[in-house]
Amino acid sequence: SQTIHQWPATLVQPVGSPLSLECTVEGTSNPNLYWYRQAAGRGLQLLFYSVGIGQISSEVPQNLSASRPQDRQFILSSKKLLLSDSGFYLCAWSPGGNQPQHFGDGTRLSIL
Amino acid sequence: KQEVTQIPAALSVPEGENLVLNCSFTDSAIYNLQWFRQDPGKGLTSLLLIQSSQREQTSGRLNASLDKSSGRSTLYIAASQPGDSATYLCAVRPFGGTYKYIFGTGTRLKVLA
Numbered sequence: 002s003q004t005i006h007q008w009p010a011t012l013v014q015p016v017g018s019p020l021s022l023e024c025t026v027e028g029t030s031n032p033n034l035y036w037y038r039q040a041a042g043r044g045l046q047l048l049f050y051s052v053g054i055g056q057i058s059s060e061v062p063q064n065l066s067a068s069r070p071q072d073r074q075f076i077l078s079s080k081k082l083l084l085s086d087s088g089f090y091l092c093a094w095s096p097g098g099n100q101p102q103h104f105g106d107g108t109r110l111s112i113l
Numbered sequence: 080k081q082e083v084t085q086i087p088a089a090l091s092v093p094e095g096e097n098l099v100l101n102c103s104f105t106d107s108a109i110y111n112l113q114w115f116r117q118d119p120g121k122g123l124t125s126l127l128l129i130q131s132s133q134r135e136q137t138s139g140r141l142n143a144s145l146d147k148s149s150g151r152s153t154l155y156i157a158a159s160q161p162g163d164s165a166t167y168l169c170a171v172r173p174f175g176g177t178y179k180y181i182f183g184t185g186t187r188l189k190v191l192a
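Chains as they are written, first to last, in my numbering: chain A, 2 to 113; chain B, 80 to 192.
In case anyone wonders, no lab produced these hints; they're calculated from the structure.
All residues carry an ideal CB built from backbone N, CA and C; glycine is no exception.
Where hints are given, some of them may not hold.
Said to hold, decoys possible - Listed below are the simulated DSS-like cross-link pairs for lysine-lysine, each with C-alpha atoms no more than 30 Å apart in a straight line:
{"id": "1", "chain 1": "B", "residue 1": "K179", "chain 2": "A", "residue 2": "K80"}
{"id": "2", "chain 1": "B", "residue 1": "K80", "chain 2": "B", "residue 2": "K147"}
{"id": "3", "chain 1": "B", "residue 1": "K189", "chain 2": "B", "residue 2": "K147"}
{"id": "4", "chain 1": "B", "residue 1": "K121", "chain 2": "B", "residue 2": "K179"}
{"id": "5", "chain 1": "B", "residue 1": "K179", "chain 2": "A", "residue 2": "K81"}
{"id": "6", "chain 1": "B", "residue 1": "K179", "chain 2": "B", "residue 2": "K147"}
{"id": "7", "chain 1": "A", "residue 1": "K81", "chain 2": "B", "residue 2": "K147"}
{"id": "8", "chain 1": "B", "residue 1": "K189", "chain 2": "B", "residue 2": "K121"}
{"id": "9", "chain 1": "B", "residue 1": "K121", "chain 2": "B", "residue 2": "K80"}
{"id": "10", "chain 1": "B", "residue 1": "K179", "chain 2": "B", "residue 2": "K80"}
{"id": "11", "chain 1": "A", "residue 1": "K80", "chain 2": "B", "residue 2": "K121"}
Stated by the list, open to error - What the simulated footprint calls covered on chain B by chain A, stretch by stretch (three residues with Cβ under 8 Å from a Cβ of chain A suffice, anywhere in the stretch; the number is not a length):
{"id": "12", "segment": "107-116"}
{"id": "13", "segment": "147-153"}
To be verified - From the derived model, a few chain B residues whose C-beta atoms are all more than 12 Å from chain A:
{"id": "14", "residue": "V92"}
{"id": "15", "residue": "N101"}
{"id": "16", "residue": "G120"}
{"id": "17", "residue": "G122"}
The whole structure should be built from the sequences, with the hints applied where relevant.
Put into structure tokens, the structure is as follows:
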């Protein structure tokens, strides 16, 4: 069966520090991969999605970036975090077509 | 631009009650609609996916319906239990050659014992 791993679960970072969140999927190949952010009391905001290695689509201009160095690995990065980057970050995958999305457990990011 | 709305934002019901959660979307050109459950501080759990050609899907006590022409979906929960307490979100995947999903802001459900 397929599983998705996302880490770390929680992270506290100072303003201006770098960020790297990692997500990996097991038990499938060539998944569609997604990064979302969920701010308190708000819906999910799609940040990036990828349909293949090296193929990244950005949905919201900001100081975050994403990379897909391997088929089942999706990384969310920032060179300098802002206070507004605080939130709950969720990674998701889908086989594509008319198949459902499946989510990781999320990373709670707090910026001090 | 596709927009997804879920009303009410919060709902409290006594245990055992049957209930309906609503999801509205502005553009009927969709591939599918998916319902999720989110427990506090956790990721989303997929409940049901309805393809655009389908009218409804069922899983246990859950039944989701889709009326694409009117831009509405409902999630019916039968015989609610305290364990059903969570936030329920719907998401649509629009036509357009991409794999993006547009989410509603969710309905926070509390089932009282």
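Would you list, in rising numerical order, the hints stated earlier that this structure does not obey?
7, 13, 16, 17
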